[in-house]
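Okay, so the sequence shown: first residue is 7 according to our numbering, each after it adds one.
Rather than coming from a laboratory, the hints here were simulated on the basis of the structure.
Please note that a few of the clues may not be correct.
[What the hints assert, rightly or not] Heads up, simulated DSS-like pairs for lysine-lysine below, C-alpha to C-alpha not over 30 Å straight-line:
hint: 1; residue 1: 151; residue 2: 28
hint: 2; residue 1: 254; residue 2: 159
hint: 3; residue 1: 52; residue 2: 91
hint: 4; residue 1: 449; residue 2: 167
hint: 5; residue 1: 406; residue 2: 444
hint: 6; residue 1: 278; residue 2: 52
hint: 7; residue 1: 186; residue 2: 159
hint: 8; residue 1: 90; residue 2: 211
hint: 9; residue 1: 211; residue 2: 292
hint: 10; residue 1: 151; residue 2: 17
hint: 11; residue 1: 278; residue 2: 444
hint: 12; residue 1: 292; residue 2: 278
hint: 13; residue 1: 167; residue 2: 292
hint: 14; residue 1: 254; residue 2: 151
hint: 15; residue 1: 278; residue 2: 406
hint: 16; residue 1: 28; residue 2: 159
hint: 17; residue 1: 52; residue 2: 28
hint: 18; residue 1: 406; residue 2: 422
hint: 19; residue 1: 241; residue 2: 211
hint: 20; residue 1: 254; residue 2: 278
hint: 21; residue 1: 151; residue 2: 186
hint: 22; residue 1: 292; residue 2: 186
hint: 23; residue 1: 151; residue 2: 167
hint: 24; residue 1: 167; residue 2: 211
hint: 25; residue 1: 28; residue 2: 17
hint: 26; residue 1: 151; residue 2: 52
hint: 27; residue 1: 422; residue 2: 383
hint: 28; residue 1: 151; residue 2: 406
hint: 29; residue 1: 422; residue 2: 449
hint: 30; residue 1: 90; residue 2: 28
hint: 31; residue 1: 211; residue 2: 254
hint: 32; residue 1: 278; residue 2: 211
hint: 33; residue 1: 186; residue 2: 52
hint: 34; residue 1: 17; residue 2: 91
hint: 35; residue 1: 167; residue 2: 278
hint: 36; residue 1: 167; residue 2: 422
hint: 37; residue 1: 241; residue 2: 159
hint: 38; residue 1: 449; residue 2: 406
hint: 39; residue 1: 151; residue 2: 91
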Amino acid sequence: MQTKQTTDSIKLDFVLEVINRKLLETNNHPLSTTEIIILQGIWDHKTYNIVAEEASYSLSYLSNVVAPELFRRISDIIGQRVTKKNCRMQLQTYLIPQATSKKTFRPQDSGKFSPSVTQLMSPRFPSGSISLDSPFYIEQADIEKQVYAEIEKPGALVRIKAPQEMGKTSLLLRVINYAKSLDYRTVNLDLQQVGQDILSGGINKFLRWFCANIAYQLNQEPNLDGYWDEDIGSKISSSLYFRNYLLKSSNSPVLLALDEVNQIFEYPEIAKDFFPLLRSWFEEAKRLPVWQNLRLVVVHSTEIYVPLQLKQSPFNVGLPILLGSFSLEAVLELAQSYGLDWSDGEEANLLMALIGGHPALVHLAIYHLSQEDVTMKQLLETAATSTGIYGSHLRRHQVKLEEDPELAIALQNLVKTNEPILLEHIIAYKLSSMGLIKFDGNKATLTCDLYRQYFRSQ
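Just need the whole structure built from these sequences, with the hints factored in.
Right, dumping it as structure tokens:
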């Protein structure tokens, strides 16, 4: 039997090292920041209340979402049931033989690569949103906590805005997952999936599509005809349908996540009715308790350019969330996740100078570098060419610009100068949506040097 002194001598750093190694050996993602926060609290004999308060997290999120999954993962590793009460004892008992033998990985044992994901599992090519179980998701703790706290409020509305490929959908997946942990009923509608026949069919056809899809995701029969009345119009019909059918069918709140709503911006006849309708549901929650069960999350690439009165727009109410580029620290964190030793910061700074922390472009570069498909020198030399790792990304933008000469002219004007330029509103909206420009006040500049190099030669 081990003495208390022996078990207490095991340090948390050693525990984290061994757990992460075991997780990676079984192709599982390493411990997240929040999981480490909980283990630190357990090691310091703190309650969930204290841990949540000190780390500025929601108590329910830590205790009901993160902790159970953490204990399940540790239980799988050590072959014993782990709870908060016995976690420290179980881990210490399991790790005593390894602590005695000192047979653990050391970064210096593996040369260029530290013992990380790239050695123990084959990472997927980065494309699209990042799955919930991915070890390569860069947590945006402050933003996530803010959104999680907001959707717990009755009648909440959250607006997530960013250009293409900046991580909006990846964040949305985590918001939906958190809502499920609160026993909310959840709906995730990607408005890019709306058919052309629906969008060209007017507001009535669109709202019937909208309501039917929500009903299906809530496992309810659409039953549209029982609530639709052409004499009162589709907007009132859809409101009655939501209030008296979808929301009243259960006491659980409904999280309605609408991704890529900018798809509707292209159809002003629908937008001018649909967006004021969303705004009215948000306002109704202030006077009718049933509407407080609706929690709206709206995701879009740019501001709406359909002219709406301020009192009609859902884009100037609720909690605004603006996603931006990766910081240098985030780039270093992602590199570490892939097993790259960028501790001196030189490679990260070179990458930031080229692509400005653009999440999708950073991820693509680090993936190829970790797979040794390309060296940093080769990447920088070929990045702005059609044969470099960003070739398909750049060609996709080029095709869209060739289809719209006004956009191409505006972009060429930006390429020729380092000074911010005032652009016509709709042109600015479209270029921003593509992620090609950023704003300095009301004026625009290119997002990063990669675009300047590429489009200068086109």
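Task: Distance restraint between residue 211 and residue 254, which requires alpha-carbon spacing of 30 Å or less - done: 24 Å, holds
- [ ] Mind checking the alpha carbons of residue 151 and residue 91 for me, to see if they're no more than 30 Å apart?
- [x] The hint holds at about 26 Å.
Open item on the list: For residue 90 and residue 28, compute the direct alpha-carbon distance and say whether it is at most 30 Å.
Closed with: 20 Å, holds
Open item on the list: Given the hinted pair residue 167 and residue 292, is their Cα-Cα distance within 30 Å?
Closed with: Holds, at about 25 Å.
Task: Pair hint residue 28 and residue 17, alpha-carbon separation not exceeding 30 Å - done: 17 Å, holds
Open item on the list: For a C-alpha distance cap of 30 Å, please report whether residue 292 and residue 278 respect it.
Closed with: With a Cα-Cα distance of about 23 Å, the restraint between residue 292 and residue 278 holds, given a limit of 30 Å.
Open item on the list: With the threshold set at 30 Å, check whether the alpha-carbon distance from residue 52 to residue 28 stays at or below it.
Closed with: This hinted pair holds, its Cα atoms lying about 26 Å apart.
Task: Hinted pair residue 167 and residue 278, Cα distance within 30 Å - done: 19 Å, holds
TODO: Sort out whether residue 449 lies within 30 Å of residue 422, counting only the CA atoms.
DONE: 15 Å, holds
- [ ] Below or equal to 30 Å on CA atoms is what counts here, so check residue 186 against residue 159.
- [x] The given pair, whose Cα atoms are some 15 Å apart, holds under the 30 Å limit.
Task: Proposed proximity, residue 444 with residue 278 (alpha carbon, max 30 Å) - done: 27 Å, holds
Task: Restraint check for residue 406 with residue 422, where alpha carbons must lie at most 30 Å apart - done: Given that 30 Å is the threshold and the Cα spacing comes to 20 Å, the pair holds.
Violated hints, in rising order: 6, 8, 16 and 28; the structure is consistent with all others.
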